[in-house]
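There are 2 protein chains.
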Amino acid sequence: MFDFNYFTPTKVVFGKNAESHVAELIKEFGGTKILIHYGGGSVVRSGLLKRVTDILDAAGIGYVTLGGAVPNPHLGLVYEGIELCKKEKVDFLLAVGGGSAIDSAKAIGYGLANEGDVWDFYDYKRTAEGCVPVGVILTIAATGSEMSDSSVITKEEGLVKRGYSSDYGRPKFAIMNPELTMTLPDYQTACGCTDIMMHTMERYFTQGGNMEITDALAEGLLRTVKKNAVILRDNPKDYDARAEVMWAGSLAHNGLTGCGNDGGDWMTHKLEHELGGLYDVAHGAGLAAIWGSWARYVFKNCLPRFKRFALNVMEVENAGSDEDIALRGIEAMEDFYRSINMPTNLRELGVTATEDDLVLMAHKCAVGVGGEMGSARVLNEQDMLNIYRASM
Amino acid sequence: MFDFNYFTPTKVVFGKNAESHVAELIKEFGGTKILIHYGGGSVVRSGLLKRVTDILDAAGIGYVTLGGAVPNPHLGLVYEGIELCKKEKVDFLLAVGGGSAIDSAKAIGYGLANEGDVWDFYDYKRTAEGCVPVGVILTIAATGSEMSDSSVITKEEGLVKRGYSSDYGRPKFAIMNPELTMTLPDYQTACGCTDIMMHTMERYFTQGGNMEITDALAEGLLRTVKKNAVILRDNPKDYDARAEVMWAGSLAHNGLTGCGNDGGDWMTHKLEHELGGLYDVAHGAGLAAIWGSWARYVFKNCLPRFKRFALNVMEVENAGSDEDIALRGIEAMEDFYRSINMPTNLRELGVTATEDDLVLMAHKCAVGVGGEMGSARVLNEQDMLNIYRASM
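Which chain is which? The protein sequence lines are A and B, in order.
Residues 1439 to 1830 in our numbering are what the first sequence lists, from first letter to last.
Residues 1439 to 1830 in our numbering are what the second sequence lists, from first letter to last.
Okay, chain A solo, but in the shape it has when bound (with noise of 0.2 Å):
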């Protein structure tokens, strides 16, 4: 068992209607001018934009708009919220969406705050000393960013995709109402179950101790996920599966189940963000498509944890030897993947990679990663080429 901080001050307001309240909760927090930051135009569509500024207007709340953030949110986007807010005296963020959003929101954020470029931040050059108060209205359940404190941001040139980490930037508040998620593709429903579950996985494979309670925290978490994955497959419309995911997906990436372990594996996610800086692949499915040449590459190195994860998400029969039982831990995932219409590979995940392109990758990875990364096994660029290759 590690020592371990937890910190998740994120104040939620959870279910129907819960945006109703966002404008005592911006004044909770000091708001006075807003940036109201978004990505698509499903927020102008729905009309909740609209009732947002309703609610802004009629308690006197000053606000500016800027739409645009995309997955894999763009700095340059960026650089433009951060001359808007300050020409506009911007004092409070509100981001209404998923996690381009909110990361978009807490890179302006750290931006207004800091001296300097905020890059910097995202490059490893030096830590932000603050961050200006970022808000959420959450209308995706997938990445966490609604508690969490990381922040991804793609920078154009050269396509380089980098998370900065801070306190500063975890969110004073987080609206979450289930029915804002009932419109979202099938699609991007399933790539979301996918990710919030591959945020405590990431976690749970390690060789560290970890807690007991930690585990049980995440296995009931996960199996949460898995079953009402498939309930909103069958009837995406189910309020109740709605909200288990949308609070399961806060849950699995605020901290809570990766108390006092190593700090988890994490390579299915750099993995992953290889495959997305190279081929235009959402982040969820990228993850279920290498998630299983993972598994079967590194789960001997880890096997009590990969036969726990068998016995008590996946529920498996116990019978057979620790590996045959691990494997059909792996096995009855890929399955679950299937049944939600998830890739297990590269080929169901729609893309077409050549020898030279898995090379570049791994490459990539390694560089990204300082050469080797791992804790369920320790991986190098040669293993990380072989999952690729194993993936295909």
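Please note: incorrect hints may appear among the correct ones.
Since the list can't tell identical chains apart, any single copy or any two copies may satisfy a pair.
Said to hold, decoys possible - Within a straight-line C-alpha distance of at most 30 Å, the following computed DSS-like cross-link-like pairs (lysine-lysine) qualify: (1) K1738 - K1802; (2) K1488 - K1675; (3) K1465 - K1563; (4) K1593 - K1664; (5) K1599 - K1524; (6) K1664 - K1465; (7) K1524 - K1675; (8) K1665 - K1454; (9) K1454 - K1524.
Keep in mind that the hints were calculated from the coordinates and are not lab data.
Fit chain B to the known structure of chain A by using the hints.
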């Protein structure tokens, strides 16, 4: 499923020697002159207080000390603390101890940040509009006050025990070093485990549709404490078991295990409060002594939850009627209490109550809850008397 708010801003620093961070944490939250508030002499005898003051001295942070917080902490000491802090211009309260010191520090904080008599808040006459920040070095895993919004104070005159809850009172940080709990008497350790489990059980036995994820987290937490309470009975110095119980204590009462429910039942706590008012009994032991009688009295009205508890927490065999399974779950819980030397009735608790005593307690309890209360089953004064009688 009910809407919910979730707010757990306390920064947790968990692990060996965690108290070494106390000065930096106090500075982070703006403390310049500190009241160190503690209970009995154990923090003095163990050398913890000296260690803390040495750290503050080295960091140039001024402080005054106030000991004497007793179980069911007294209003008189709260008043004394308020006067002392005003005189000494204290701007940060550091509780070193368990629930008594923390609850008392919260009350001092309310008294300092608000005009008028602090008892008004506990007497439901008005609500606090702030609290001087409180930090915690935890030495007893039990009440969960280190992350909770609640504080229970007893007014000496008439022995009126009242709780007040406000987000303002949530501690800014909680330092949790499991080693600090290793010297607790076995009885107090077992009482703590009982209290921790009950905080989640009160949230679990409801008529309201708990979320699946909340149930999964609650059941995982309960199984973890149940297992580790037995380990600590046999080996009180087991670091990992101390850590499991300590972290469970915070999660059991910070709100996590109640998300989406109807607010919980809480009648076992209410029935025990009257017991604690009339007799000198430890809170955890009092809960154990009452719970079985309460459970047998209400379980038919809340059968699905009791069945689920029996299967998923007590892990009894899934055979026989639902009532059989539920009853075997209650029996298994009582067996667990006995296994850690907790009482399962008033006799074993060491209480010899007359019929008049029972009538008086039932009456006071009914008045205290405004006539009737409960979720698993709504109880009136006669029900309360019946449960007290059954617990003899």
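Checked hints:
1. K1738 - K1802: Close inside one copy (26 Å), not across copies (62 Å); limit 30 Å.
2. K1488 - K1675: So K1488 and K1675 pass the 30 Å test inside one copy only (23 Å; across, 59 Å).
3. K1465 - K1563: between (34 Å within a copy, 26 Å between copies)
4. K1593 - K1664: neither (34 Å within a copy, 50 Å between copies)
5. K1599 - K1524: Classified as within; 25 Å inside a copy, 53 Å across copies.
6. K1664 - K1465: Neither: 38 Å inside a chain and 43 Å across chains, both beyond 30 Å.
7. K1524 - K1675: Close neither inside one copy (41 Å) nor across copies (56 Å); limit 30 Å.
8. K1665 - K1454: For K1665 and K1454, the Cα distance is within 30 Å only inside one copy (22 Å; across copies 38 Å).
9. K1454 - K1524: Neither: 34 Å inside a copy, 45 Å across copies.
Of the numbered hints stated above, those contradicted by the structure are hints 4, 6, 7, 9, listed in ascending order.
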